[in-house]
Amino acid sequence: MDSHRPDPEVILDRLKAEQKTRLTMFLGACPGVGKTFAMLQSAHERVEEGVDLVIGWADTHGRKETIALLDGLEYLPRDKVNYKGILIEEMDLEGILARKPALVVVDELAHTNAPGSRHKRRYQDVEELLDAGISVYTTLNIQHLESLNDAVSQITGITVRETVPDSFIERADLVQLVDIPVDVLIKRLNEGKVYMPQLAGEALRNFFRPGNLNALRELALRFVSQKVDRELVEYRQRHDIEGTWPAADRVLVCIGPSPFGIRVLRAARRLADTLNAEVIAAHIETPRFEARQEDRENLSANVKLAEELGAEIVSLPGKDVAEAVVELASERNATHIVLGHPRHHKLKEIATGSVVDRVLARSKGVSIHVIPGDGSLPQTGRKRIRLSSLVFRPSDVAVILVLLIFITVLGKITGKFFSTTDMAMLYLLPVLYAGARSGIVASVITSVLGVLAFDIFFVPPYYSLGVASLHYITTFVVFIAVGITTGLIAGRLKEQVAETNAAMTKTSVLYDLSKDLTAISDMSELARIVVVQVSKAIGSPAVVYVPGVDNELDLMAANDPAARIAFDKNERAVAVWAFEHSQEAGNGTETLPGASGIYLPLKTEVATIGVLGVELSEGDARRSFEKRELLERITDVVTLALNKLLFSLAEQHMKNLEDSEQLVRAVFDSISHELKTPLSSIVGSVSALEGNEHVFTEEQRAELLASISTGATRMNRLVNNLLDMARLESGSLRPREDSYDVQDLLGVATAEFSDELANRKLSINTEESLPPVHVDFDLTVRVFANLIDNAIKYSPDGSDIGIAALSQDDRISVSFSDEGPGIPDSDKELIFDKFYRLLNPGGVAGTGLGLSICKSILKAEGGSIRVEDRPGGGSSFVVTLSAAPAVAGLR
Amino acid sequence: LSKASESGARILVIDDEKEIRKLLNVALSGHGFEVREAVDGREGLRRAATDAPDVVILDLGLPDMEGLEVVKSIRQWSRVPIIILSVREYEDQKISTLDAGANDYVTKPFKMGELMARIRAAIRGSAAAGGTPLIEVGDLNIDLLAHRTTLAGTEVRLTPTEYELLKQLMMNAGMVLTHKQLLTSVWGPDYTRDKQHLRVYIWQLRKKLESDPSQPRYILTEPGVGYRMPSPDR
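Sequence order for the protein chains is V and C. Residues 5 to 895 (the numbering used here) are what the first sequence spells out, left to right. Residues 900 to 1133 (the numbering used here) are what the second sequence spells out, left to right.
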């Protein structure tokens, strides 16, 4: 991509920048140049311009002039963080976000926050402020710039740990250099006006040597001028100014698992800054690259640093590093390749030439920069003997010793049965065993023991270490060599087996999880399975948070309720942060690392749908690269399952809505049908009679008139039912109870049905001396009428209907039996549900209200209703009512 | 009343409501019809086949089967006029049964006179099928042979489509024609969805035939269902 064409991304960025909040950085070469002073002066100017400005943090270090500048500025109170019993003052990030000023002053960008703060570093606080739309004024010393870190430590001999990533500095819209001449600075130092936390006394004086200061000033000036250069290029692009444009440079840097890669990366960044070039960090995955824990950790650290330095990360497979690098360089038009070159050659490279040599040999037209390695780095990796190979199990030691003794005794007892060579062979057995069981150390020790035993017992002169014949020496050497080789091979094999097992465990964990999560239809069940599986895989307690109805995060599941992550309020707050920001937080992350759990947001393409939390023990957090990786994979699986579940829940919800719509329609249809049928009889009969009286016979006229009255009664019953239902629903139905005879109630109820019952045989049997019932008269008649109506509707014309009443203790039961089809057992409870019949139509029209009204009325009266099979077919509805309390003297 | 053609006509009432059956039985026999009753679709189909009714009155809310099934079943072997008698809630079913071959509908609750008029129109319609080329409704005359339309003696000039549309309505005077039926018979089966098309032509016809198109006397709207030309005898 040539930079002389107006780049659409640049245009986009420009549009964003115009609305974006601004980060202004006051940059100094070293402490004491007056950055805070300059910043506060600018702050005053802004306030005078009417900008809503507050001070979030300012370090005055007790300088009077600086303190005086704080006057007239709004200073937010500091937050106090409790760390191991000591109260540490920190900037109140939450307070600033709540206050939401237009501009906030935050001194010391490179500051590291006290453990327990939300973010590890202050620049992350600033990032959050910028994201919240608050502009920031901040200060920074050049030594804290990530890519200049090495250069600074080479100049001054002091390693600065608090670095700020270059990618963050790139965000600064304005970098203002605060600079004073070196001699003035030294004078200020002598006046005690310079403060540097790490250094005091003589050390401080050493740091402030004119040479150092000049070098730092040069670094700072160069950095600013480079930034201005870049801004100029951007400006010209923004304003589409054509002209002579420098060819764009591209720096390719190789990253690998070497701890020394950090320096190579920083060098590449510096080079790129000078050239105003972009950086491509390439990681070549060679087949040789064994997935050693340490290598992977180093690699991921290097990749992370490359990201922080604003490099584009390219990961590609390749058989040969040199070849792949050259290919990539030509593909991407890289003009510079930066390579690290270790001080110590690998054995193999003596024959093939080092990567650097081969890249040099192959590349054309590309500048190659080689960064020499330095010996001071800790030697890690291959040379360290694994602790595990030094640990012997007692049982193995015993077996080896027994074997050695057994072979020695066997050889001695059998005399000349085994030749000397045979004996040497036999002694190899324990060596092989040791190698296979315990690795290199054990096999070497065993082979030495074997050689000694062989020498003493079977090599003349016997019982001494001397050897009669020189050719035994060869045997000894071969023996030891065999010991070493078996040990090495067995050890390597064991390692591979262990790694394969670990990989298999990981795969099986993911497989089990996704398998378990496939058929889940319930959120809490899903969360429960996730926490169980995750804690099994990671070996520590886990929790799942899911937003509830009010979008508040609810703890959905925890496999160990006693674990801190399950009950601690602070832990919950971390989970909430992770959820709201859709970023991981907590233990082992950059945000709120003081928490005991790590919280990973469960993100889909559209939204964050929950948080997975896992408690990590102290040591786990930093070194558990593998656990983190596994956790991320698990998170993916869980997110997938959760997403699927949410989708199906939404579907279910839609279906429920449809169902309820269907019910509403069914209710309306049935009520309209129930109302219009009697209305039709009335209107039809009346209109038939109107003006046509001569057409009909006396008998026909009577029938038409009866039809009118039946229709009116039926409508009345329905209207009553609807009103009752409305009253029951609103809770305003209050029975007025008194004592009544069941006979009376039945008489009134059956009178309504005189027409319908004309061709039915109705038998009413009441127990003699049946006590009165304590009920509401009208409501109970309504119940009886509904049951009689049902008995008529659901049984064939001409069949019998039976009503019987009998008392039992203080209860009186009244049964209504018909000879209809009866009610299947599965429906015996359900038919009392409102509208049940509408959803399960059985052929007879109705509103589906009658029985549910009966049930509700009886419940209000303290009675009950049930349905039984009538002996000989049909059904029998049994109503139970309370008997009226006996009145003295009457009974 | 032209009782001659109606007296003794046999009417089959298919309705699960006893009250309605009883009412229709009493009222229709009073007017000299012979009434047969069926309580559900199955019995209705059996009686339609064995009792040879002249008109079938069919309720749509039957317990055992959909009214549509009953209509389709009857139409497989009989052209007997079918009048749908139903409450408004069965609107969709009403249209589909009309499209399936039912001849007319009456909404519950109904006036007996209205039902009687529909029954008569249905009986006459089936008797006149393939009959006279001259149809007269009020002042409106149509001569199917001469392709000529007159309103109170004055010729009305119609486009071929307008004429075809009016012809369909006149030939079925007294009975409802659904949108689909009109579209199919005038424009062919491909146009059955274009109700807007039909509305435009009805509007044009009304402009030419009606003295007040907003209070039509000839082309009556059956809301949601279609159009109807009133009975010639009214």
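Accuracy of the hints is not assured; some may be wrong.
Said to hold, decoys possible - Straight-line alpha carbon distances no greater than 35 Å define the calculated DSBU-like cross-link-like pairs of lysine-lysine that follow:
no., chain 1, residue 1, chain 2, residue 2
1, C, Lys-1079, V, Lys-659
2, V, Lys-659, C, Lys-1094
3, C, Lys-917, V, Lys-797
4, C, Lys-1066, C, Lys-1106
5, C, Lys-1079, V, Lys-765
6, V, Lys-797, C, Lys-971
7, V, Lys-838, C, Lys-1010
8, C, Lys-917, C, Lys-1094
9, V, Lys-832, C, Lys-917
10, V, Lys-68, V, Lys-308
11, V, Lys-104, V, Lys-124
12, V, Lys-197, V, Lys-231
13, V, Lys-659, V, Lys-648
14, V, Lys-420, V, Lys-368
Claimed, not checked - Below, a sample of chain V positions facing chain C; criterion: calculated Cβ distance under 7 Å:
no., residue
15, Ile-675
16, His-677
17, Lys-680
18, Ala-692
19, Leu-708
20, Ser-713
21, Ala-716
22, Thr-717
23, Asn-720
24, Asn-724
25, Ser-743
26, Gln-747
27, Ser-811
These are calculated hints, taken from the structure and not from any lab test. Using N, Cα and C, we set each Cβ at its ideal position, and we do this for glycine too.
In rising order, the numbers of the hints this structure does not comply with: 5, 8, 10, 14, 15, 20, 21, 22, 23, 24, 25, 26 and 27
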